[in-house]
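2 protein chains.
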Amino acid sequence: MLFSEIFTKTRKEAPKGEVSKNARLLIRAGFIHKEMAGVYAYLPLGLRVLSKIENIVREEMNALGAQEVLLTALQNPELWKKSDRWEQDVWFKTQLKEGAEVGLGWTQEEQIVHALTQHVGSYKDLPFSAYQIQTKFRNEERAKSGILRGREFRMKDLYSFHTDEKDLDMFYKRVQEAYKKIFKRVGIGEQTVLTFASGGAFSKYSHEFQALSEAGEDTVYVSREKEIGINAEVYTDAVLSDLGLHKDSLTEHKAIEVGNIFKLGTRFSEALGLSFKDEKGKSQPTVMGCYGLGPSRVMGAIAEILGDDRGLVWPKSVAPFQVHLISLAGKSTDVANKAEALYKELIENGIETLYDDRVAGAGIKFSDAELMGIPTSIIISEALVKKEAVEIKDRKSGEVKEVKINKVAQYITDH
Amino acid sequence: MLFSEIFTKTRKEAPKGEVSKNARLLIRAGFIHKEMAGVYAYLPLGLRVLSKIENIVREEMNALGAQEVLLTALQNPELWKKSDRWEQDVWFKTQLKEGAEVGLGWTQEEQIVHALTQHVGSYKDLPFSAYQIQTKFRNEERAKSGILRGREFRMKDLYSFHTDEKDLDMFYKRVQEAYKKIFKRVGIGEQTVLTFASGGAFSKYSHEFQALSEAGEDTVYVSREKEIGINAEVYTDAVLSDLGLHKDSLTEHKAIEVGNIFKLGTRFSEALGLSFKDEKGKSQPTVMGCYGLGPSRVMGAIAEILGDDRGLVWPKSVAPFQVHLISLAGKSTDVANKAEALYKELIENGIETLYDDRVAGAGIKFSDAELMGIPTSIIISEALVKKEAVEIKDRKSGEVKEVKINKVAQYITDH
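Residue numbers (this note's numbering), protein chains in the order written: chain P, -16 to 398; chain R, -16 to 398.
Please note that a few of the clues may not be correct.
Any copy will do: because identical chains look the same in the list, a pair fits if it lies in one copy or spans two.
Below, a list of computed lysine to any residue pairs in the SDA-like style, where the Cα atoms sit at most 20 Å apart [said to hold, decoys possible]: (1) Lys76 <-> Asn59; (2) Lys127 <-> Asn59; (3) Lys107 <-> Ile(-11); (4) Lys76 <-> Glu123; (5) Lys187 <-> Leu(-15); (6) Lys76 <-> Arg121; (7) Lys167 <-> Lys379; (8) Lys164 <-> Ile211; (9) Lys80 <-> Arg68; (10) Lys127 <-> Lys237; (11) Lys376 <-> Phe185; (12) Lys64 <-> Gly248; (13) Lys127 <-> Ala345; (14) Lys107 <-> Leu(-15); (15) Lys64 <-> Ile347; (16) Lys(-8) <-> Tyr106; (17) Lys156 <-> Leu177; (18) Lys107 <-> Thr(-7); (19) Lys348 <-> Gly104; (20) Lys327 <-> Ala392; (21) Lys379 <-> Asn59; (22) Lys107 <-> Glu(-12); (23) Lys187 <-> Glu148; (24) Lys314 <-> Gly346; (25) Lys156 <-> Gly248; (26) Lys(-8) <-> Gly104; (27) Lys(-8) <-> Ser105; (28) Lys163 <-> Asp397.
No lab work stands behind these hints: they were computed from the structure.
All values derive from a computational prediction rather than experimental measurement.
Build out the structure end to end from the sequences listed, making use of the hints.
Pasting the structure below:
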């Protein structure tokens, strides 16, 4: 894509009142627009990143055999009264024209369980799992963390349905592994720790995936050796002993909860009547698990964790483009032609390229490239063209390498 | 995909109170779930159709050079007061915790225009266009038309920005052609008519794309010869004369408005301050167009127009699967093995196949296939296996053809 054709602009200053690093960088780079506190629109570059994250999540959900659905935002209160969750203060509520109150979905156990009563009848229908990637709403009191905590945000919610706890346990383990794979693929695997958190009536613990970051709202205690963490909310001697951990081996961190998985048992299937006939013809409540992961929050976590003082730093897997081609042609038509030809060659080789074709100084082009955080920059100038070379710069390390212009496409494909 | 693995079930009866053909068929086939009047969730088969429609729309928007964004559902009233649209009764309104009222987006001119004031400054920034495919909300009084008229629905909204009317006119024509292409690609091109409708302060007419159907709420007068229609709301002698049409050559139809395109002029750019500096440095309001198309309504229109008394009939381009493989193996392991092998061969040839592997009678399998509407059924049975053949049945025409089992993949690829 041509830089001159992107309708967004970078800016030097973030809007006043925007305190979070992720939103400051993303707004400055033209990736998102702040609509109101905790409510952000995704502009073309930001949507490219978000969509790549969502597609990675989608691939891993499909690999689990989960089937994708799209539930609604508008929620029928009758369902939520059955599970005693209609009175929670997280709701945005609104009214139909005829006066009935309805809610905006912030999670969807009640809705999917109710819908499934039309489709599940026998143990033969189980197990299965369904997920969606959808916009959710939470009436947050504080919304000062950019896209880490939105009043409106993107969420992947997976629900699984089983005849018994053993089957749930097996699937739950598989989701744990899928989540690890997702966080690795989006580039924050090293920073993300499987964390024990409070369970519920049905299981001792739930599990969170906590991305270690000063921007996080949670406190976790991490055992690097065992690659697990404990959420401060359950950090007691009893839990330590249960998990075979010693206080001395743990380090305290702030962390962003990027995912959570939870064994629900029969809490919702009993409340909303999702039962099946077992092999003996006896009616049993379905055993459930739920598994959340926020693509927009993940995007914010990547910005927080990998971004530096010069701007965003995207891993290749979620970067809006792979290559940022910077032409310092000045008035040289030879350099401009070489840049244009290289741009075409990169595109033909299937390399997503942003080509900074603007008439602008090197300083502006370099600082925009640093701010936007595309993994690799290719710099082409008069001096380099004389050597039939370009400079290839790694955004993360800052390393610069000179590569012959006819070897560039191959170099990018190999690295 | 294996039929036995899909978690949804078909049903013989639609829910009581569901009067629309599209929703009755889609619910019976397990494609959608009715949450409340005008609010439908998309189950796996339904989401496959919806996503295919949305991807066709996306391809045609990208071909126009439009850039995809994702705006928010929550809307800031201050923007809508500036354009005098906050008091319209189509809104769902809700409240932030601190008490401020916000709306749920039903269209998004105000929001995108306001966001762009950060990005547009000069005539050099124009023209460009941006679109999104997103869930929208309208507080409809009547919501009895299934997914044709939702309180919550999917919408593609495209906005274009220009220095002058001439440039808008050129783009507007290109969008008209893109829309024709979309309706052709999704299989209702023949039934969809470019229709003249009321304009506004800026232009004499707007244009609607009206899909002729008894289920439609609009009335249009169609000239088959000229391939245009006139919406009843502007059906006057003056308009007829303006368009060079004679009453006698027109036929009256009910129709579903599947798309509409509109020249906005400077109505919103003036109200919300989206101006640019022209070549002389003078500030000018941006000239705009907006272009709506509802993917969920299109899905409903396809169900209404192409569906018959036995069920849904999907065009190949949007069908959840291309092939419905029906095994009538009974107790024959030979037939079951042949069906299984054919399923694998189809998949390996990139043919999206739903394989009815259930232990069920021919009657159930056939009526489910008719109801679900996959374009081509392949039937395999003991008698056919003896002839080393299968039957291939076209859902739309009902035509049946016998094809040698080793030629099936080739046959499907060619047809």
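Verification of the supplied hints:
1. Lys76 <-> Asn59: Both: 10 Å inside a chain and 16 Å across chains, each within 20 Å.
2. Lys127 <-> Asn59: between (30 Å within a copy, 17 Å between copies)
3. Lys107 <-> Ile(-11): between (52 Å within a copy, 12 Å between copies)
4. Lys76 <-> Glu123: both (13 Å within a copy, 17 Å between copies)
5. Lys187 <-> Leu(-15): So lysine 187 and leucine -15 fail the 20 Å test inside a copy (54 Å) and across (36 Å) alike.
6. Lys76 <-> Arg121: both (10 Å within a copy, 15 Å between copies)
7. Lys167 <-> Lys379: Cα proximity of lysine 167 and lysine 379: one copy only (17 Å, versus 47 Å across).
8. Lys164 <-> Ile211: Classified as within: same-chain Cα gap 15 Å, cross-chain 54 Å, threshold 20 Å.
9. Lys80 <-> Arg68: Close across copies (18 Å), not inside one copy (24 Å); limit 20 Å.
10. Lys127 <-> Lys237: For lysine 127 and lysine 237, only the intra-copy Cα distance (16 Å) is at most 20 Å; the inter-copy one is 51 Å.
11. Lys376 <-> Phe185: This pair counts as neither: shortest intra-copy Cα distance 52 Å, inter-copy 50 Å.
12. Lys64 <-> Gly248: within (19 Å within a copy, 48 Å between copies)
13. Lys127 <-> Ala345: Neither way: lysine 127 and alanine 345 sit 35 Å apart in one copy and 60 Å across, limit 20 Å.
14. Lys107 <-> Leu(-15): Answer is between: at 14 Å across copies they meet the 20 Å cutoff, but 54 Å inside does not.
15. Lys64 <-> Ile347: neither (57 Å within a copy, 38 Å between copies)
16. Lys(-8) <-> Tyr106: Between. Shortest inter-copy distance 14 Å satisfies the 20 Å Cα cut-off; intra-copy 56 Å does not.
17. Lys156 <-> Leu177: within (12 Å within a copy, 54 Å between copies)
18. Lys107 <-> Thr(-7): Cα proximity of lysine 107 and threonine -7: across copies only (16 Å, versus 56 Å in one copy).
19. Lys348 <-> Gly104: between (62 Å within a copy, 19 Å between copies)
20. Lys327 <-> Ala392: within (10 Å within a copy, 37 Å between copies)
21. Lys379 <-> Asn59: neither (48 Å within a copy, 37 Å between copies)
22. Lys107 <-> Glu(-12): between (55 Å within a copy, 10 Å between copies)
23. Lys187 <-> Glu148: Answer is within; shortest intra-copy Cα gap is 13 Å, inter-copy 66 Å.
24. Lys314 <-> Gly346: Classified as within; 16 Å inside a copy, 75 Å across copies.
25. Lys156 <-> Gly248: Result: close within a single copy only, 15 Å intra versus 57 Å inter.
26. Lys(-8) <-> Gly104: This pair counts as between: shortest inter-copy Cα distance 10 Å, intra-copy 55 Å.
27. Lys(-8) <-> Ser105: between (56 Å within a copy, 12 Å between copies)
28. Lys163 <-> Asp397: Neither. Shortest intra-copy (26 Å) and inter-copy (43 Å) distances fail the 20 Å Cα cut-off.
When each numbered hint is compared with the structure, violations occur for hints 5, 11, 13, 15, 21 and 28.
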